[in-house]
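Participant: Residue-level listing of the chains:
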Amino acid sequence: MSWISRGLIALASIIMIGIYFKPLWEITLYAPQYREGLKMIIWVNKITGGTPHDLRNINLLNHYVGMKKIDPNSIPELKILPVIFGFMIFLGFLTAVTGNTKLLYAWAVLITIIGIASLVDFWWWEYDYGHNLNPHAPIKIPGMAYQPPMFGCKNLLNFRACAFPSTGTYLLAVSGTLGVISAVIEFFRRRKTQ
Amino acid sequence: MKAKLKLTLFSAVAAGLVSMPSFAQSPAEKVYVPHGKHDEFYAFLSGGYNGQVGVYGLPSGRLLRVIPVFSVFPMNGYGYSEETKAMLMTSHGFIPWGDTHHPELSQTNGVPDGRWLFINENNTPRVARIDLRTFETTEIIEIPFSAGNHASSFITPDSKYVTAATRFSIPIPQKDVPIAEYKKYFKGTLTFIRADKPGKMDIAFQILVPGYDYDLAHCGKGPSYGWCFFTSYNTEQAHTLLEINASMKDKDYIAAVNWKRAEQCIAEGKYKEVKTKYAHNYRPETDRIARTEWKTSVKWIIPKECPGVVYYLPTPKSPHGVDVSPDGKYIIGGGKLATVIPIHSFDKMINAIKNKQFAGEIDGIPVLKYEAVNHCELPNPCLGPLHTEFDGKGHAYTSCFISSDVVIYDYKKCKVVSRVPTYYSVGHLMIPGGDSAKPWGKYLLPMNKITKDVFLPTGAELPHAGQLYDISKSSVTGGKPEFLLDVAELGEPHYAQAIPAKILAPKSIKIFELDKNKNPYVTRSEEEAKVVRKGNVVHVYMTAIRSHFTPDNIEGVKVGDTVYFHVTNIEQDWDIPHGFAVFGAKNSNLLIMPGETLTLKWKPEKPGVYPFYCTDFCSALHQEMQGYVRVSPKDANVPIKYGTGEEMHVVK
Numbered sequence: 001m002s003w004i005s006r007g008l009i010a011l012a013s014i015i016m017i018g019i020y021f022k023p024l025w026e027i028t029l030y031a032p033q034y035r036e037g038l039k040m041i042i043w044v045n046k047i048t049g050g051t052p053h054d055l056r057n058i059n060l061l062n063h064y065v066g067m068k069k070i071d072p073n074s075i076p077e078l079k080i081l082p083v084i085f086g087f088m089i090f091l092g093f094l095t096a097v098t099g100n101t102k103l104l105y106a107w108a109v110l111i112t113i114i115g116i117a118s119l120v121d122f123w124w125w126e127y128d129y130g131h132n133l134n135p136h137a138p139i140k141i142p143g144m145a146y147q148p149p150m151f152g153c154k155n156l157l158n159f160r161a162c163a164f165p166s167t168g169t170y171l172l173a174v175s176g177t178l179g180v181i182s183a184v185i186e187f188f189r190r191r192k193t194q
Numbered sequence: 195m196k197a198k199l200k201l202t203l204f205s206a207v208a209a210g211l212v213s214m215p216s217f218a219q220s221p222a223e224k225v226y227v228p229h230g231k232h233d234e235f236y237a238f239l240s241g242g243y244n245g246q247v248g249v250y251g252l253p254s255g256r257l258l259r260v261i262p263v264f265s266v267f268p269m270n271g272y273g274y275s276e277e278t279k280a281m282l283m284t285s286h287g288f289i290p291w292g293d294t295h296h297p298e299l300s301q302t303n304g305v306p307d308g309r310w311l312f313i314n315e316n317n318t319p320r321v322a323r324i325d326l327r328t329f330e331t332t333e334i335i336e337i338p339f340s341a342g343n344h345a346s347s348f349i350t351p352d353s354k355y356v357t358a359a360t361r362f363s364i365p366i367p368q369k370d371v372p373i374a375e376y377k378k379y380f381k382g383t384l385t386f387i388r389a390d391k392p393g394k395m396d397i398a399f400q401i402l403v404p405g406y407d408y409d410l411a412h413c414g415k416g417p418s419y420g421w422c423f424f425t426s427y428n429t430e431q432a433h434t435l436l437e438i439n440a441s442m443k444d445k446d447y448i449a450a451v452n453w454k455r456a457e458q459c460i461a462e463g464k465y466k467e468v469k470t471k472y473a474h475n476y477r478p479e480t481d482r483i484a485r486t487e488w489k490t491s492v493k494w495i496i497p498k499e500c501p502g503v504v505y506y507l508p509t510p511k512s513p514h515g516v517d518v519s520p521d522g523k524y525i526i527g528g529g530k531l532a533t534v535i536p537i538h539s540f541d542k543m544i545n546a547i548k549n550k551q552f553a554g555e556i557d558g559i560p561v562l563k564y565e566a567v568n569h570c571e572l573p574n575p576c577l578g579p580l581h582t583e584f585d586g587k588g589h590a591y592t593s594c595f596i597s598s599d600v601v602i603y604d605y606k607k608c609k610v611v612s613r614v615p616t617y618y619s620v621g622h623l624m625i626p627g628g629d630s631a632k633p634w635g636k637y638l639l640p641m642n643k644i645t646k647d648v649f650l651p652t653g654a655e656l657p658h659a660g661q662l663y664d665i666s667k668s669s670v671t672g673g674k675p676e677f678l679l680d681v682a683e684l685g686e687p688h689y690a691q692a693i694p695a696k697i698l699a700p701k702s703i704k705i706f707e708l709d710k711n712k713n714p715y716v717t718r719s720e721e722e723a724k725v726v727r728k729g730n731v732v733h734v735y736m737t738a739i740r741s742h743f744t745p746d747n748i749e750g751v752k753v754g755d756t757v758y759f760h761v762t763n764i765e766q767d768w769d770i771p772h773g774f775a776v777f778g779a780k781n782s783n784l785l786i787m788p789g790e791t792l793t794l795k796w797k798p799e800k801p802g803v804y805p806f807y808c809t810d811f812c813s814a815l816h817q818e819m820q821g822y823v824r825v826s827p828k829d830a831n832v833p834i835k836y837g838t839g840e841e842m843h844v845v846k
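Residue numbers (this note's numbering), protein chains in the order written: chain H, 1 to 194; chain G, 195 to 846.
Worth flagging that the hints you see were computed from the coordinates, not collected in a lab. There's no promise every hint is true.
[Stated by the list, open to error] Straight line, CA to CA, 27 Å or less: simulated DSS-like cross-link-like pairs of lysine-lysine:
no. : chain 1 : residue 1 : chain 2 : residue 2
1   : G       : 377       : H       : 69
2   : H       : 69        : G       : 704
3   : G       : 377       : G       : 563
4   : G       : 466       : G       : 378
5   : G       : 710       : H       : 69
6   : G       : 498       : G       : 471
7   : G       : 704       : H       : 39
8   : G       : 563       : G       : 728
9   : G       : 231       : G       : 369
10  : G       : 724       : H       : 68
11  : G       : 377       : H       : 39
12  : G       : 704       : H       : 46
13  : G       : 381       : G       : 469
14  : G       : 701       : H       : 39
15  : H       : 46        : G       : 710
16  : H       : 39        : G       : 471
Every value quoted in this text rests on a predicted model; they were computed, and no experiment measured them.
Could you put the whole structure together from the sequences, leaning on the hints where they help?
Facilitator: So this is what it looks like as structure tokens:
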């Protein structure tokens, strides 16, 4: 492996550490009486609110339409994802140190799969959150589901829900891209030398 | 090219000049606060006989909040809930009403700082502290050996003391004497209350003074720091038909109290410890449960035994207000029956004391010579001058009751600048920070005693009226204040205080943190809700959240029981209060803020099923926020049973 590729995969791993310190996604709910917005912030290992009480207040409002309570403890992804990314960081550094090209390819393939799987999983979670409603909810509107958007904004009854990726996701994208570039460089370098 | 540039410049300047008049706002524009914007000032107006403080926004004049202080307030349960009852305890027992007079903001270096508002009660002498983070009354101290606590609650520039005094002299200590022997038995007290420590209000000392009517006060600042000034009338010592008998003398007195000297006398042991009993009520921010501490003695200073503690400044005709200029150098007396406004000089007073320019002595209190202390007499001011505020630009504004106007004058040069009318018969007046070392001289609010035709008639009883004036330009250009608005007021505002919103608004809390709720009867979650019987007493640990109570069905209560509903609002969102009312309750409802626990006592008298409900329209399903208590006969064998929704818990 070239020093450039080793440097790139090391950099990718360093950047990936950032996702433990920056949120991945932010969903904000606006309403006439919530001009400042109720904010739900998704991290790799937790879900927090824009204020210490936002999550509680979102749950409270959502119970009227029968949405499930968001309880970070009951979301397995928040326990699995930190381990997965921890492994990827470790693997990245191992690749950089050993210069093993196979490890590098494995890293590139894995991060692509993890990235896509995470997005699909997130969508499914949002789908379930918005569709799996308590049949005894006080407010029932036929045909209405409350799945929040993934990118952009959407009107859900009196709320306007806006969701956008946050710093952590961008760091992850940069990290993944750097790793893939590293793998591509190695791939073409190999082909040239062969 | 150059010519073109010149032309452009010229047109720009011309356009600017032409458009300038359009920047001048009309009075309507000046008081209009559009949606999304807030008022520039908070104004705190005493409510007089309603025992409350009204919080208004200025310049809009909108009433924002009523703070109950010395009167019960069924709107939110103040004085009724178990957590607030003790606030109204006195040595005479629980008193549901009071007469609020003079609000005073706490100060740092003579400038209002927005920590607290103090206010006095005139009828059963007391002084209260209002915490300006919550806009709630948190502390009340009773003043022993006092009656008609009117010269109160004026503050020292460091908030160390607030004043109290006897407008009505009484036998001190109280005893059964013929009223006609007033001169022999009746005395006054000038009281200094330690005020700078929340929860620790204390009578620092009382100065025993001759039995006159001590009317109003203000404390010195800057050079006059260490002094407070109290007006007196009825130095004639009349006890009947005072309107004639107390208006005989040409001059009464302003009592100048050197409180630094008083502190010295206390330190030197020159005081008398007197046994008595008075209440100190405090509602701490931890458990928010008011409690009464009984205090048992006060320190008396007798002027004869502490020379230099009080001097009398002769002042014309039953002076009412006494106000100290922002620089602390001038003391203006509102001689309400006088034809002039006397302005005393603090420097002259100190010199007169040094040179012993005394006209006499009363009970060990030297009377200074009028000419020796008087800076000037403002000639032909108005009729019935009462109170004075300052704009911080060298002008004094004195309210004149009889002539229904405010006279504006340069108090150093003793020269009238202008006058503005009031509608009608103005009492107090207020400029934001107008009695402090640094007035925000933008608005003037005279508060009137007679309203008549100012507003739509509302039967015989009318609201009091205040007039808002813009005085921001009046002092600089010599121009007149601009009339802006009539403000309809609650009760009878005596004095008022105002402070820029930017100082106060950021301090205002939004919710009470549930985690920090230290009420022993708090219910932090629905799982913790329960009903506990202890003999004849039933404690209901209840939660309120949109849109239900837990428990909302309660059985096993019996006639003869005393039921305590300890309701915790477990919301943690801004402006989501819940109310609680139960059928037949003889006290009031509760209005419970997010994170707060309040308790309502209820004694059911007849068997039956009694509904309770949320009184504050909290949510879309507010109407569903209701429940029932089943009350069984005294000898019934119904177990305690409670729950919401699912299965009922049965207590065996």
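Participant: Now tell me, hint by hint, if it's right for this structure.
Facilitator: Quick rundown of the hints versus the structure:
1. 377/G / 69/H: Answer violated: residue 377/G to residue 69/H is near 76 Å, above 27 Å.
2. 69/H / 704/G: With Cα atoms ~24 Å apart, residue 69/H and residue 704/G stay inside 27 Å; holds.
3. 377/G / 563/G: OK: residue 377/G and residue 563/G at ~24 Å, within 27 Å.
4. 466/G / 378/G: Roughly 21 Å between the alpha carbons, so the hint for residue 466/G and residue 378/G holds.
5. 710/G / 69/H: Judged against 27 Å, a Cα distance of about 24 Å means the pair holds.
6. 498/G / 471/G: holds (26 Å)
7. 704/G / 39/H: holds (17 Å)
8. 563/G / 728/G: The given pair, whose Cα atoms are some 71 Å apart, is violated under the 27 Å limit.
9. 231/G / 369/G: violated (58 Å)
10. 724/G / 68/H: holds (26 Å)
11. 377/G / 39/H: Violated. Residue 377/G to residue 39/H sits at ~72 Å, over the 27 Å cutoff.
12. 704/G / 46/H: The hint holds at about 26 Å.
13. 381/G / 469/G: holds (17 Å)
14. 701/G / 39/H: It holds: about 23 Å lies between the C-alpha atoms, which stays within 27 Å.
15. 46/H / 710/G: Roughly 24 Å separates the two Cα atoms, so the pair holds.
16. 39/H / 471/G: Since the Cα atoms of residue 39/H and residue 471/G sit roughly 54 Å apart, the hinted pair is violated (cutoff 27 Å).
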